[in-house]
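Student: Listed below, chain by chain, are the residues.
2 protein chains.
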Amino acid sequence: MNIVEDLLNHSRLALAKGITAVENEYDNAVEIMTKIYPHTGNAYVIGITGPPGAGKSTMTDGIAKEYRKRGKTVGIVAIDPTSPYSGGAILGDRIRMMDLMGDDGIFIRSMATRGSLGGLSQKAGDAVKLMDAFGMDVIIVETVGVGQSEVDIVKTADTTMVVVIPGMGDDIQAIKAGILEIGDLITINKADREGTDKLNIEMEMMLELNPEHVQWRPPINRTIASRGEGIEEVVNSIEEHHKYLVDSGKLAEIRKKRIKSEITDMINVRVNRYIDKNVVRTPDFEKTVTKLQSRELDPYSVVDGIVGKVLK
Amino acid sequence: MNIVEDLLNHSRLALAKGITAVENEYDNAVEIMTKIYPHTGNAYVIGITGPPGAGKSTMTDGIAKEYRKRGKTVGIVAIDPTSPYSGGAILGDRIRMMDLMGDDGIFIRSMATRGSLGGLSQKAGDAVKLMDAFGMDVIIVETVGVGQSEVDIVKTADTTMVVVIPGMGDDIQAIKAGILEIGDLITINKADREGTDKLNIEMEMMLELNPEHVQWRPPINRTIASRGEGIEEVVNSIEEHHKYLVDSGKLAEIRKKRIKSEITDMINVRVNRYIDKNVVRTPDFEKTVTKLQSRELDPYSVVDGIVGKVLK
Numbered sequence: 000m001n002i003v004e005d006l007l008n009h010s011r012l013a014l015a016k017g018i019t020a021v022e023n024e025y026d027n028a029v030e031i032m033t034k035i036y037p038h039t040g041n042a043y044v045i046g047i048t049g050p051p052g053a054g055k056s057t058m059t060d061g062i063a064k065e066y067r068k069r070g071k072t073v074g075i076v077a078i079d080p081t082s083p084y085s086g087g088a089i090l091g092d093r094i095r096m097m098d099l100m101g102d103d104g105i106f107i108r109s110m111a112t113r114g115s116l117g118g119l120s121q122k123a124g125d126a127v128k129l130m131d132a133f134g135m136d137v138i139i140v141e142t143v144g145v146g147q148s149e150v151d152i153v154k155t156a157d158t159t160m161v162v163v164i165p166g167m168g169d170d171i172q173a174i175k176a177g178i179l180e181i182g183d184l185i186t187i188n189k190a191d192r193e194g195t196d197k198l199n200i201e202m203e204m205m206l207e208l209n210p211e212h213v214q215w216r217p218p219i220n221r222t223i224a225s226r227g228e229g230i231e232e233v234v235n236s237i238e239e240h241h242k243y244l245v246d247s248g249k250l251a252e253i254r255k256k257r258i259k260s261e262i263t264d265m266i267n268v269r270v271n272r273y274i275d276k277n278v279v280r281t282p283d284f285e286k287t288v289t290k291l292q293s294r295e296l297d298p299y300s301v302v303d304g305i306v307g308k309v310l311k
Numbered sequence: 000m001n002i003v004e005d006l007l008n009h010s011r012l013a014l015a016k017g018i019t020a021v022e023n024e025y026d027n028a029v030e031i032m033t034k035i036y037p038h039t040g041n042a043y044v045i046g047i048t049g050p051p052g053a054g055k056s057t058m059t060d061g062i063a064k065e066y067r068k069r070g071k072t073v074g075i076v077a078i079d080p081t082s083p084y085s086g087g088a089i090l091g092d093r094i095r096m097m098d099l100m101g102d103d104g105i106f107i108r109s110m111a112t113r114g115s116l117g118g119l120s121q122k123a124g125d126a127v128k129l130m131d132a133f134g135m136d137v138i139i140v141e142t143v144g145v146g147q148s149e150v151d152i153v154k155t156a157d158t159t160m161v162v163v164i165p166g167m168g169d170d171i172q173a174i175k176a177g178i179l180e181i182g183d184l185i186t187i188n189k190a191d192r193e194g195t196d197k198l199n200i201e202m203e204m205m206l207e208l209n210p211e212h213v214q215w216r217p218p219i220n221r222t223i224a225s226r227g228e229g230i231e232e233v234v235n236s237i238e239e240h241h242k243y244l245v246d247s248g249k250l251a252e253i254r255k256k257r258i259k260s261e262i263t264d265m266i267n268v269r270v271n272r273y274i275d276k277n278v279v280r281t282p283d284f285e286k287t288v289t290k291l292q293s294r295e296l297d298p299y300s301v302v303d304g305i306v307g308k309v310l311k
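Read top to bottom, the protein sequences are chains A and B. Under numbering that gives the first Met the number 0, the residue at position 63 of the first sequence is numbered 62, and the numbers go up by one with no gaps. Under numbering that gives the first Met the number 0, the residue at position 183 of the second sequence is numbered 182, and the numbers go up by one with no gaps.
It should be emphasised that the hints constitute simulated quantities derived from the structure, not laboratory data. Hints may be right or wrong, so weigh each one.
Copies of the same chain look alike in the list, so a pair counts if it fits in one copy or across any two.
[Said to hold, decoys possible] In the DSS-like style, the derived pairs of lysine-lysine whose C-alpha atoms are separated by at most 25 Å in a straight line are:
no., residue 1, residue 2
1, K276, K311
2, K286, K34
3, K308, K276
4, K64, K154
5, K256, K290
6, K276, K197
7, K276, K290
8, K34, K256
9, K259, K311
10, K286, K154
11, K256, K276
12, K286, K256
13, K154, K256
14, K34, K197
15, K34, K154
16, K68, K249
Let the sequences and hints guide you as you build the complete structure.
Tutor: Here it is in structure tokens:
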């Protein structure tokens, strides 16, 4: 089969194979991505993130179904950076797939690359591009957490939603920082729980304090995703943000920024791998490490020497 | 003041200034780290990690106090990758410091470098080395989460403890993967909560399935850290693991591995910064990005060209 040609002709099998190729860095991955690139840039990309247990998967599925109702096709890239499994093998994803299966307008793929030498956000970005070239109208990237690698992943998105839940205690402080940095929308899920009003007030106050929110103030929605409650309003908010980005000219701006950071990531991954192969995995380096361990050498002089040798 | 000389003469102010220098990448940071390096390698380093809300800070403080009882001096590096604050400015740390303050045998420092261009694990490693050269017997590195950046940070440790709590639901799957990769010890905190026995059985089963645990099987301790219950046993387990590493010769082995990964990280950070300065922040790159946005160019050919120019 010709993956690129078939993918552009809406073959789901070709899409699946294309993502597998980029995930596992098969030899044909670069060729595939090079050829599909001119066909990308049409999908609208939504990022969903939040702490473990916030109900992101259920939320994602609900949003996908709502978009289907509105006549849009939907791709889902579910990132689990802590899982050693991949390719949709996670139990939760299986349950989800069963629920959404049989609908040709939806394609779900989970990705997990724990322990790989960088490049998770690049691989997620490539999966998005493949779904984009395939013709999906909306692509949802779902990832756990609010750490740096998650922030990198949601940079792939046009609109980013942070999901929070009542009862997170002091950890809300850390989440708040993440929201300030990346959240275009805030959704309080499990909003039938005690503490919902308090959390809502805290979020309002946090937004109040942020001077950046002059043009777009992140709306706070409430949902009970497990019962589908509030999902329609969330999708309305996403569409409002979409409209705001288009009308203000910001969409082109953030997409330009994204290309910049994608290219930078790709360069860094390539260079880091070069160093791994040509410096780290050599007998010379072993000897140097032994001398460092005995404190005959110091790390800073060693690094100076190696960097001088590697860079032009 | 001469930071290196004063630090080696046990000046707490010099230690604080040294950490500030590496955290903020002051001009004198490399010189300080080069000079103190021969004085490192004596402290025993303990890593503590786990999901948000597991009670890691309370646990860390309890362990520190127990080591003080046993006549050891203790350094604490508390990492919060999601916080925009640093230098011990977090409310929780202030409370902790008040509690432990007045004891010259303890030094606490929190570090937060969200948004910085990589290097968090390197900075944490440098803080550990500074406390080591200062003369701390035991250094505890505490960090939230089980994502990749946290795994990198706890690689700084000789013994790593993963803290879990009952009631984490499905998220326990992700945590399990993290434990398998990095946990030398498992501690169930908040062990008066419902679900403790179930969690204990799950953890036992997970360990049972791991063939790597032939020589050292991670013990599972139970604590209620907020009341100090079980902390003594945790420290006993840490010391048993310490003894195992020394007796088996593994301590030298893992420290060698650590030096290797530290050097690799340092090289990567240096090279990535070089690329940021000499490639990304140039007018040429801006033009290239515009052509990528209009799909006149494709990212893979662009990256090939740049990598070829940067590397020797």
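Student: Next, verify each hint and record whether it holds.
Tutor: Hints, one by one, checked against the model:
1. Taking the closest pair of Cα atoms, K276 and K311 come within 25 Å of each other both inside a single copy (17 Å) and across two copies (14 Å).
2. In the homo-oligomer, the alpha carbons of K286 and K34 lie at most 25 Å apart only across protomers (21 Å), although the nearest pairing inside one protomer, at 44 Å, exceeds that limit.
3. In this assembly of identical chains, the alpha carbons of K308 and K276 lie at most 25 Å apart whether taken from the same copy (14 Å) or from different copies (18 Å).
4. For a Cα distance limit of 25 Å, the shortest separation of K64 from K154 inside one copy, 24 Å, qualifies, whereas the shortest one across copies, 42 Å, does not.
5. With identical chains, the CA atoms of K256 and K290 are at most 25 Å apart between copies only, with a shortest distance of 13 Å across copies and 43 Å within one.
6. For the identical chains of this complex, K276 and K197 are neighbours neither inside a copy (53 Å) nor across copies (45 Å), given an alpha-carbon limit of 25 Å.
7. Taking identical chains as interchangeable, the C-alpha atoms of K276 and K290 lie at most 25 Å apart only when both belong to the same chain, with a minimum of 21 Å there against 32 Å between chains.
8. For the identical chains of this complex, K34 and K256 are intra-copy neighbours only, at 22 Å inside a copy versus 41 Å across copies, given an alpha-carbon limit of 25 Å.
9. For the identical chains of this complex, K259 and K311 are neighbours both inside a copy (22 Å) and across copies (24 Å), given an alpha-carbon limit of 25 Å.
10. Proximity of K286 to K154 under the C-alpha cut-off of 25 Å is restricted to the inter-copy arrangement: shortest distance 21 Å between copies versus 41 Å within a copy.
11. Taking CA atoms no more than 25 Å apart as the test, K256 paired with K276 passes between copies only; the shortest distance there is 16 Å, against 30 Å inside one copy.
12. Taking the shortest Cα distances, K286 and K256 sit within 25 Å of each other only across copies (13 Å), while inside one copy they are farther apart (42 Å).
13. Taking the closest pair of Cα atoms, K154 and K256 come within 25 Å of each other only inside a single copy of the chain (9 Å); across copies the shortest separation is 33 Å, beyond that limit.
14. Taking the closest pair of Cα atoms, K34 and K197 never come within 25 Å of each other, the shortest separation being 51 Å inside a single copy and 51 Å across copies.
15. In this assembly of identical chains, K34 and K154 lie within 25 Å of each other by CA distance solely inside one copy; the values are 23 Å within and 40 Å between copies.
16. In the homo-oligomer, the alpha carbons of K68 and K249 never lie at most 25 Å apart, since the shortest distance is 28 Å inside one protomer and 59 Å across protomers.
Hint check: violations occur at hints 6, 14, 16; the rest are consistent with the structure.
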